[in-house]
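Visitor: Taken in order, these protein sequences are the chains called B and R. Mapping the first sequence onto the working numbering, position 129 (from 1) lands on 129, and the numbers just tick up by one. To convert, take the position in the second sequence, counting from 1, and add 303; that gives the working numbering.
Simulated from the structure, these hints should not be mistaken for lab results. For every residue, glycine included, the Cβ atom is placed at its ideal position computed from N, Cα and C. It is possible that part of the hints are untrue.
As the list claims (entries may be wrong) - Below are the DSS-like pairs computed for lysine-lysine, each with C-alpha atoms no more than 27 Å apart in a straight line: (1) R:Lys-370 x B:Lys-167; (2) B:Lys-110 x B:Lys-197; (3) R:Lys-370 x B:Lys-302; (4) B:Lys-167 x B:Lys-302; (5) B:Lys-85 x B:Lys-138; (6) R:Lys-518 x R:Lys-540; (7) B:Lys-138 x B:Lys-197; (8) B:Lys-167 x B:Lys-97; (9) R:Lys-305 x B:Lys-197.
To be verified - Simulated restraints on C-beta separations: (10) R:Pro-532 x B:Pro-279: 37 to 45 Å; (11) B:Asn-219 x R:Lys-473: 21 to 29 Å; (12) R:Gln-396 x B:Asn-185: 29 to 37 Å; (13) B:Met-209 x R:Gln-396: 37 to 45 Å.
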Amino acid sequence: MSIKIIKKGLADSLQDKGRYGYQHLGIQPNGCMDFMSAWLANSILQNEIDQPVFELHFPTSHLKFEDDYTICISGANFVPVINEKSIAMNCAISVSKNDVLSMLQPIEGKTAYLAIKGFIQEEPWLGSHAYSGVRLEKEDQIHFTSNNTFNELPNPISNEVIESIQKQVFDHKSHIRFIPGPAWNELNQESITHLIKTPFYISSQANRMGFTLSGPTLNLNVPNHFLSSAVTRGTMQLLPNGEIIVLMADHQTIGGYANLGQIILVDLPRFAQMKTNMPFHFALTNLDYANQLYREIHEQFKH
Amino acid sequence: MKCTINKWSVYALGDHAIVFALAPSVDTTTVNAISQLNQFIKSKNIVGIVDTIPSYHTLTLIYDPNKFLFPISNFSTQLISFCTNVISAFDEQPTQLLQNETNIINVPVCYDSAFALDIEKISEQKNISVQEIINIHTADIYEVYSIGFLPGFTYMGIVHESIQIPRHEKPRMHVTAGSVGIAGLQTGIYPTNSPGGWQIIGRTPWKVFDPNPNKLAKFKVGDRIQFYPISKIDFDKMNENN
Numbered sequence: 001m002s003i004k005i006i007k008k009g010l011a012d013s014l015q016d017k018g019r020y021g022y023q024h025l026g027i028q029p030n031g032c033m034d035f036m037s038a039w040l041a042n043s044i045l046q047n048e049i050d051q052p053v054f055e056l057h058f059p060t061s062h063l064k065f066e067d068d069y070t071i072c073i074s075g076a077n078f079v080p081v082i083n084e085k086s087i088a089m090n091c092a093i094s095v096s097k098n099d100v101l102s103m104l105q106p107i108e109g110k111t112a113y114l115a116i117k118g119f120i121q122e123e124p125w126l127g128s129h130a131y132s133g134v135r136l137e138k139e140d141q142i143h144f145t146s147n148n149t150f151n152e153l154p155n156p157i158s159n160e161v162i163e164s165i166q167k168q169v170f171d172h173k174s175h176i177r178f179i180p181g182p183a184w185n186e187l188n189q190e191s192i193t194h195l196i197k198t199p200f201y202i203s204s205q206a207n208r209m210g211f212t213l214s215g216p217t218l219n220l221n222v223p224n225h226f227l228s229s230a231v232t233r234g235t236m237q238l239l240p241n242g243e244i245i246v247l248m249a250d251h252q253t254i255g256g257y258a259n260l261g262q263i264i265l266v267d268l269p270r271f272a273q274m275k276t277n278m279p280f281h282f283a284l285t286n287l288d289y290a291n292q293l294y295r296e297i298h299e300q301f302k303h
Numbered sequence: 304m305k306c307t308i309n310k311w312s313v314y315a316l317g318d319h320a321i322v323f324a325l326a327p328s329v330d331t332t333t334v335n336a337i338s339q340l341n342q343f344i345k346s347k348n349i350v351g352i353v354d355t356i357p358s359y360h361t362l363t364l365i366y367d368p369n370k371f372l373f374p375i376s377n378f379s380t381q382l383i384s385f386c387t388n389v390i391s392a393f394d395e396q397p398t399q400l401l402q403n404e405t406n407i408i409n410v411p412v413c414y415d416s417a418f419a420l421d422i423e424k425i426s427e428q429k430n431i432s433v434q435e436i437i438n439i440h441t442a443d444i445y446e447v448y449s450i451g452f453l454p455g456f457t458y459m460g461i462v463h464e465s466i467q468i469p470r471h472e473k474p475r476m477h478v479t480a481g482s483v484g485i486a487g488l489q490t491g492i493y494p495t496n497s498p499g500g501w502q503i504i505g506r507t508p509w510k511v512f513d514p515n516p517n518k519l520a521k522f523k524v525g526d527r528i529q530f531y532p533i534s535k536i537d538f539d540k541m542n543e544n545n
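Let the sequences and hints guide you as you build the complete structure.
Guide: Set out below in structure tokens:
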């Protein structure tokens, strides 16, 4: 009753909504980079939306199912295949014992999610199965209850919802919206103009901890020192060399760099899926709008 | 969203966090007020608040935007009234009920040259004997101002001016768990083996972070700590990091 890694991927891990309640001890929350695609995969299987999923980066692990399962793949399109036969994304798929899932080619996005119908049978650490320094290695086995009582599930999520989530996550022409942070007013005027008008790119220095951006160099009016305070997923830190690093799922709990703002939650999945050197624009938004958008999107997953 | 409520400045940190800040300062009054507000808010078990993170002059609340508050009109108006209520209820609390435990945690440190990788160099640079550095480092009571960088890594202060020294320009690739370092006005303990830039002057035999859910971090923000010197023989007897 398990799923076995038969070939190690680049940086695959088990993730869920993350580990909260321990950041005051310096314990990072972790969790899915593109949580919306993970919600989608779980919803299609009628799981709770925050159930643990496999987060897969290209080249992905090869996973062997040691039992019959119903699965769903969402997020990045890496051309998923079962025993080398291509399978559809964003729908429930039945797999049989000894089937092998692999992915052929990175067409779109950076992280794919594999959800399993049923329940994980592993011990969580502090209430979460999210990656905490351990990546999926060859021969690892992750135990899930098998669920082979049905062949095909009716899709409980309408195509409209799937399309709207896909658009939210993969429409790269959309701006990345942020709410100004405590150091916003310390940016000089030229830097503010740059931040809003000039395109930025995700540099090759991008991992689950944070994405360093390429783009115009930004400066504070007066170089400043800040006492460290809490940062969040989406925090835009200005490094002393004028570069921005955006903190992602495995961010440290506190930071001492200038906090320019935070990318809003609903835009983080799209940001997480952006490839290196793809230009994008930032745009200012506000708390009320961000809160409303998040609630509206979350509401779509209720069934 | 940004407002001032009594002595607190309160601002939204994006769409899932809110910060209560005092004037930036590294001192006892500030860290006590922050950890008292933290305890007060935690004791209220507010629906939707998933983390409270004290650090120096700030307390940050992380919330689940889908569960925290129920916006009838706009969210920020509700958030401001939530924060105002928190601060006025906090200010009405008799302070003695919130007083931190004033117990001092005595932490053993072995300053033997086998562990104190940088102490000789500090001694030369500051023209103070190694023994004097040990005396100074163990004389003061330090407060924990912040925890972060690694699970259980404590930022404590204030280190006496006579032994203050900047961190290494280039961090060491490997610092052993338990290593006690100083950097500027701060001192701290490396909870696990990791890279690190602080000047290492000793090592504690204590395991200051244990992933066992019943143990986790030995210290929290607001704790008061005093180091005491132990011999290499005692260190080996007490060592919990093996």
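Visitor: So, for every hint listed, does it hold in this structure?
Guide: A quick look at each hint next to the structure:
| no. | hint | in the structure |
| --- | --- | --- |
| 1 | R:Lys-370 x B:Lys-167 | holds (25 Å) |
| 2 | B:Lys-110 x B:Lys-197 | holds (26 Å) |
| 3 | R:Lys-370 x B:Lys-302 | holds (14 Å) |
| 4 | B:Lys-167 x B:Lys-302 | holds (19 Å) |
| 5 | B:Lys-85 x B:Lys-138 | holds (23 Å) |
| 6 | R:Lys-518 x R:Lys-540 | holds (21 Å) |
| 7 | B:Lys-138 x B:Lys-197 | violated (46 Å) |
| 8 | B:Lys-167 x B:Lys-97 | violated (34 Å) |
| 9 | R:Lys-305 x B:Lys-197 | holds (25 Å) |
| 10 | R:Pro-532 x B:Pro-279: 37 to 45 Å | violated (58 Å) |
| 11 | B:Asn-219 x R:Lys-473: 21 to 29 Å | holds (25 Å) |
| 12 | R:Gln-396 x B:Asn-185: 29 to 37 Å | holds (33 Å) |
| 13 | B:Met-209 x R:Gln-396: 37 to 45 Å | holds (39 Å) |
The structure fails to meet hints 7, 8 and 10 from the earlier list, while all remaining hints are met.
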